[in-house]
Amino acid sequence: MDLKNKVALVTGGGTGIGRATCLALSKRGASVAINYSRSKVDAEETVQMIKSNGGRAIAIQADVSQDNEVRSMVHQIVQTFGTIDLLVNNAGITQHFPFDDLEAATDEVWDELFDVNVKGMFYCSRAIAPFMKERQRGAIVNIGSIAGQTGMGSSLPYAVSKAAVHGLTKSLARALAPNISVNCVAPGAVETRWWAGREKQMNSIAPNLLLQHLSTPEDIAQFICSVLEQEAMTGQIITVDSGQTL
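One point on numbering: in numbering that gives the first Met the number 0, the residue at position 165 of the sequence shown is 164, and numbering is uninterrupted.
By construction, these hints were calculated from the structure, which means they are not laboratory data. Glycine residues also receive a C-beta, built at the ideal position from the N, C-alpha and C atoms. Check before you lean on any hint, since a few could be wrong.
[Stated by the list, open to error] Calculated lysine-lysine pairs in the DSBU-like style (CA-CA distance at most 30 Å, straight line):
#1 Lys3 / Lys132
#2 Lys50 / Lys169
#3 Lys3 / Lys26
#4 Lys26 / Lys50
#5 Lys132 / Lys118
#6 Lys132 / Lys169
#7 Lys3 / Lys50
#8 Lys39 / Lys118
#9 Lys118 / Lys169
#10 Lys39 / Lys3
#11 Lys50 / Lys39
#12 Lys26 / Lys132
#13 Lys39 / Lys26
[To be verified] Listed next, with one range per pair, are the computed distances between beta-carbon atoms:
#14 Gly150 / Gly53: 20 to 30 Å
#15 Thr79 / Gln229: 24 to 34 Å
#16 Gly234 / Arg27: 20 to 30 Å
#17 Thr105 / Lys50: 34 to 44 Å
Build out the structure end to end from the sequences listed, making use of the hints.
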């Protein structure tokens, strides 16, 4: 699919991979709706970066774990841009604690991570699907993680939530065929603010990777755009991790 003149919604679009994806989509000629939950300043800054280069963008607040907020957000985007052709389900959260600390995996942690990381992606996909079906064309990319493949990550509930994202991708691909493709990009370690306070741990990973460098948000964003452009692929989980899982 040619991304030029398409309308894209990127959740968690104000920072990290989300911001890089918004900028990459705009460079390809797409209009971008930048969703944020709490990062208003970052989202608005991303809008200005796009507009300063001649692109079209809006920042829009919504907690993706709340279906009513998602539906309201989608309505506002359609009112502004006319439709939604592309969805990047990037918004996600985590909790950091040792895997063997099972007591730390409280009901509150499970609920929070699944509400945002899994149900949020479903809510957004469900809300935009009618507009894509109406145009008989659309593409969704969910952001997973190698944590969902290896069972390792920042915490046990986080890893399980990302495994659920991978399963959601395959199920949505079936549910939304034949007009809407649904794929998942599963990054390994990426240089983002998720490593704040743990930079030493982040830097220790790079020498052990086959390519000996961490991915950047821009690396992942370019790949997300490439996946959105594909017209013969759906239900796939694609790993981008500099060889981390080999």
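How the hints compare with the structure:
1. Lys3 / Lys132: Holds, at about 19 Å.
2. Lys50 / Lys169: Status violated; Cα separation ~35 Å.
3. Lys3 / Lys26: holds, 9 Å
4. Lys26 / Lys50: holds, 11 Å
5. Lys132 / Lys118: Cα-Cα ~21 Å, so holds.
6. Lys132 / Lys169: The hint holds at about 18 Å.
7. Lys3 / Lys50: holds, 16 Å
8. Lys39 / Lys118: holds, 22 Å
9. Lys118 / Lys169: holds, 15 Å
10. Lys39 / Lys3: holds, 26 Å
11. Lys50 / Lys39: holds, 16 Å
12. Lys26 / Lys132: Within the cut-off at roughly 26 Å; holds.
13. Lys39 / Lys26: holds, 22 Å
14. Gly150 / Gly53: 20 to 30 Å: violated, 45 Å
15. Thr79 / Gln229: 24 to 34 Å: Given a distance of about 27 Å, which is inside 24 to 34 Å, the answer is holds.
16. Gly234 / Arg27: 20 to 30 Å: holds, 24 Å
17. Thr105 / Lys50: 34 to 44 Å: About 43 Å separates the Cβ atoms of Thr105 and Lys50, which means 34 to 44 Å holds.
Consistency with the previously given hints fails for numbers 2 and 14, ordered from lowest to highest.
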